[in-house]
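Trainee: So the sequence lines, in the order shown, correspond to chains H and U.
Numbering-wise (the working numbering), the first sequence opens with residue 18 and increments by one.
Numbering-wise (the working numbering), the second sequence opens with residue 4 and increments by one.
Just so you know, the hints here were simulated from the structure itself, not pulled from any lab data.
Positions of the beta carbon are idealized from the N, C-alpha and C atoms, including for glycine.
Here are the computed lysine-lysine pairs in the DSSO-like style, where the Cα-Cα straight-line distance is at most 27 Å:
no. : chain 1 : residue 1 : chain 2 : residue 2
1   : H       : K60       : H       : K122
2   : U       : K225      : H       : K128
3   : U       : K107      : H       : K249
Not close to chain U: a few residues of chain H, all C-beta gaps over 12 Å, as computed:
no. : residue
4   : G245
5   : A362
6   : M410
The following label-pair restraints were derived from C-beta to C-beta distances:
no. : chain 1 : residue 1 : chain 2 : residue 2 : range
7   : U       : W232      : H       : K325      : 47 to 53 Å
8   : H       : T357      : U       : R190      : 37 to 43 Å
9   : H       : E431      : U       : N160      : 17 to 23 Å
10  : U       : E131      : H       : R455      : 58 to 64 Å
11  : H       : N330      : U       : A227      : 54 to 60 Å
12  : H       : R148      : U       : T96       : 55 to 61 Å
13  : U       : R190      : H       : S64       : 55 to 61 Å
14  : H       : K249      : U       : T188      : 31 to 37 Å
15  : H       : R455      : U       : A212      : 51 to 57 Å
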Amino acid sequence: MIRSKSRSRDQNRSRSHCWVMRTITLLLLLGVIGNVGCSTPFKQLHSARDLFTHGQLEASRAALEKVKEKSPRYSDPAELDLAIIELASGEPENAERRLRNLRDKFDRVPKLETAKEIISMASDDTALTYRPWGYEEVLIRSMLSVCSLAHDQLDAESYTLQAMAKQSQLASESEERGLLKANKIYQPIAFAPYLRGILREATHRNYDDAARAYQLVSEVEPSFSPIGSDIKRVSFGSHSEPEHGVVYVIAFTGRGPILEETDAPTTTAAMQIASVILQEMEAEYDDEGNKKTISLPNLATVKVPEVKLPPSNVARIGVEVDGRPVGATETLTDIEQLATRQLEAEMPWTIARAVVRRATKEITVAKTSQSLGLEGIQGSLFRFAASSIWSGMEHADTRCWSLLPREIQVLRLELPVGSHELELSTLGWSDEVYRTSRPIHVNVTNGKNHYVVAIAPDEHLYTIASTDS
Amino acid sequence: MKFNHTNRFLSFALLLVASVGCASQYGHILADNDADLVGSHSAGAATWNPLVDQAVTKLLSRCPSPIKTVHFTDDSSSSHDSESIGSALADGTATVCFIGVENKSAEEIGDFKDQLYERIDMRVNDTEAFRGISRRLVDAALLETRLRPDSLFLPANRDLFAAALGRQGTPVDYLLYATITSGTTDRNQTSQRNYLLTLELVNLSSGDAIKESAEIRKGYSKNAAAKWWHFGMINGN
Numbered sequence: 018m019i020r021s022k023s024r025s026r027d028q029n030r031s032r033s034h035c036w037v038m039r040t041i042t043l044l045l046l047l048g049v050i051g052n053v054g055c056s057t058p059f060k061q062l063h064s065a066r067d068l069f070t071h072g073q074l075e076a077s078r079a080a081l082e083k084v085k086e087k088s089p090r091y092s093d094p095a096e097l098d099l100a101i102i103e104l105a106s107g108e109p110e111n112a113e114r115r116l117r118n119l120r121d122k123f124d125r126v127p128k129l130e131t132a133k134e135i136i137s138m139a140s141d142d143t144a145l146t147y148r149p150w151g152y153e154e155v156l157i158r159s160m161l162s163v164c165s166l167a168h169d170q171l172d173a174e175s176y177t178l179q180a181m182a183k184q185s186q187l188a189s190e191s192e193e194r195g196l197l198k199a200n201k202i203y204q205p206i207a208f209a210p211y212l213r214g215i216l217r218e219a220t221h222r223n224y225d226d227a228a229r230a231y232q233l234v235s236e237v238e239p240s241f242s243p244i245g246s247d248i249k250r251v252s253f254g255s256h257s258e259p260e261h262g263v264v265y266v267i268a269f270t271g272r273g274p275i276l277e278e279t280d281a282p283t284t285t286a287a288m289q290i291a292s293v294i295l296q297e298m299e300a301e302y303d304d305e306g307n308k309k310t311i312s313l314p315n316l317a318t319v320k321v322p323e324v325k326l327p328p329s330n331v332a333r334i335g336v337e338v339d340g341r342p343v344g345a346t347e348t349l350t351d352i353e354q355l356a357t358r359q360l361e362a363e364m365p366w367t368i369a370r371a372v373v374r375r376a377t378k379e380i381t382v383a384k385t386s387q388s389l390g391l392e393g394i395q396g397s398l399f400r401f402a403a404s405s406i407w408s409g410m411e412h413a414d415t416r417c418w419s420l421l422p423r424e425i426q427v428l429r430l431e432l433p434v435g436s437h438e439l440e441l442s443t444l445g446w447s448d449e450v451y452r453t454s455r456p457i458h459v460n461v462t463n464g465k466n467h468y469v470v471a472i473a474p475d476e477h478l479y480t481i482a483s484t485d486s
Numbered sequence: 004m005k006f007n008h009t010n011r012f013l014s015f016a017l018l019l020v021a022s023v024g025c026a027s028q029y030g031h032i033l034a035d036n037d038a039d040l041v042g043s044h045s046a047g048a049a050t051w052n053p054l055v056d057q058a059v060t061k062l063l064s065r066c067p068s069p070i071k072t073v074h075f076t077d078d079s080s081s082s083h084d085s086e087s088i089g090s091a092l093a094d095g096t097a098t099v100c101f102i103g104v105e106n107k108s109a110e111e112i113g114d115f116k117d118q119l120y121e122r123i124d125m126r127v128n129d130t131e132a133f134r135g136i137s138r139r140l141v142d143a144a145l146l147e148t149r150l151r152p153d154s155l156f157l158p159a160n161r162d163l164f165a166a167a168l169g170r171q172g173t174p175v176d177y178l179l180y181a182t183i184t185s186g187t188t189d190r191n192q193t194s195q196r197n198y199l200l201t202l203e204l205v206n207l208s209s210g211d212a213i214k215e216s217a218e219i220r221k222g223y224s225k226n227a228a229a230k231w232w233h234f235g236m237i238n239g240n
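Assemble the whole structure, with the sequences as input and the hints as a guide.
Mentor: Dropping the structure here:
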């Protein structure tokens with residue numbers, strides 16, 4: 018009798034052991050499949066960026082279209098990149114349409130998506146709907162304005178107003194969220210008020226608006242040296258000399274910041290936030306009605322995104338008018354700085370979310386192990402394998418607008434009325450010329466603005482002139 | 004109290020329904036008698052629209068009517084006032100060149116500026132005494148002369164500008180300027196801002212000017228309690 022009981026216990030144990038091993042194998046398999054599935058859009062996005070940098074627009078477009086169709090989680094950032102491809106291809110109207118749709122789509126995303134938040138706790142942050150970063154939202158509106166300037170100029174001013182309104186909204190939201198040094202982190206982007214300034218100045222009537230906008234630019238980007246003369250001109254002078262017009266060369270130089278996955282140490286601030294979230298999420302009570310305290314897992318690092326700047330040789334764009342060098346573009350907005358600052362501001366929350374996610378997973382695994390009656394070495398093995406594999410499947414959310422430039426630069430040229438030939442060149446850090454564009458013919462009109470957009474991710478240069486030019 | 008699984012599921016479901024509801028945005032057409040929205044951080048339609056209406060009405064009420072009526076009554080103070088202004092204004096229908104709205108307030112008025120221009124322009128044009136000059140002609144004259152709107156106060160510049168308009172076949176009798184200014188009083192986290200819209204009508208031939216303004220005061224508070232504390236419970240909208 019005793020022997021048969023012991024045999025039955027052995028059989029049960031062996032059955033349970035088989036089940037655990039099968040579960041672990043299944044989890045491993047899932048982990049491998051999950052990782053393979055996730056690596057595909059990264060590779061395609063990476064290849065699309067490289068193709069764009071080396072002047073292969075159509076191949077880059079095809080790669081991005083593929084990501085857009087096949088990876089729903091990455092379709093929105095791929096579409097943002099497609100808008101840049103369209104602008105570089107001389108299709109500003111298509112880029113404008115695409116960006117407008119994306120702007121509306123992002124505006125419609127609710128601040129709290131409970132279902133996706135729950136899914137993200139079981140997987141990772143890529144399960145959440147893609148939301149552009151604050152500075153990207155402002156840049157969407159600014160790029161809309163650039164597209165409009167390069168196309169029909171109909172809505173350019175409205176877009177600049179939207180960009181500035183978005184900046185104010187982000188600043189007040191960051192204050193409400195209690196981000197440390199909110200005003201310093203969410204600095205206004207100089208590009209948006211600058212565009213507003215040049216458009217208001219071109220009315221020959223609203224110099225007061227232009228002066229305000231330029232004043233804001235000088236506060237945000239004091240190193241942009243032409244702003245002093247801009248302020249002086251709109252405060253005391255006029256748009257341009259009689260029988261002159263203005264050509265603005267708006268240059269997107271360098272390869273913009275991208276996000277890559279890294280392991281970040283868990284900071285005290287992040288652990289505090291995680292602890293508060295976890296206590297609220299997993300609140301449990303003992304028999305006497307007292308809240309049970311939940312200890313956070315002892316984590317040294319978690320996966321988070323970090324800003325990386327792909328190498329690029331181009332420093333600025335040199336401009337020649339009618340065969341005579343007239344100057345080079347100057348930096349108005351440093352996008353790398355914006356991305357780094359934004360990431361730093363968000364980091365405690367990003368780490369906290371990762372910690373909470375890990376804790377949730379560990380609690381779930383422990384409870385599952387408990388309910389399966391796994392104890393001792395089997396239970397430990399199951400918990401270790403399950404939580405390691407589950408956590409190993411996590412990826413940091415590295416989705417971003419990766420075809421943005423490193424810097425936005427501008428050059429203002431006041432030219433006599435008539436036809437002029439502009440030649441743009443990519444210049445290196447020691448002003449060495451890499452590549453020169455084909456001549457761009459600009460027909461300067463009295464008292465009007467004309468726009469030439471140059472996109473130079475590296476030595477290769479794309480140029481688009483406004484249609485009235 | 005133990006927070007059981009059913010309760011937890013229900014609260015998640017409720018949050019889900021709430022978040023789905025939040026995803027939509029709605030718009031509706033306001034009826035004529037609906038009140039304008041009062042801006043929470045800056046002046047809005049509820050501030051600018053009455054300011055324009057008041058200022059334009061005040062300015063026009065000081066201008067002589069193009070049709071002269073005969074009164075058999077003794078002198079009154081109002082008729083005397085109108086007479087003195089009449090000396091600064093030409094009789095009959097006069098052409099007015101509305102130069103623009105200058106914003107000297109502490110706020111960026113954004114897309115309201117062009118709407119204020121159009122609103123003032125339309126109100127002035129609606130009267131029998133004045134005939135407005137097209138904004139496009141004014142823009143063309145500013146572009147041709149490269150004069151700044153604020154430089155037109157100088158007689159020499161005014162003549163240059165009037166000559167440019169005249170060359171375009173549009174003789175001009177008056178220049179109209181609109182200026183927005185503000186004054187802010189802060190008290191802890193509550194503030195009061197006074198918005199003043201000033202209209203200035205300048206007779207080009209004599210250089211005489213009349214000025215009218217309208218003011219709206221607005222209070223800004225962090226919450227309703229602060230508003231009640233500083234401005235009282237029943238004050239304002």
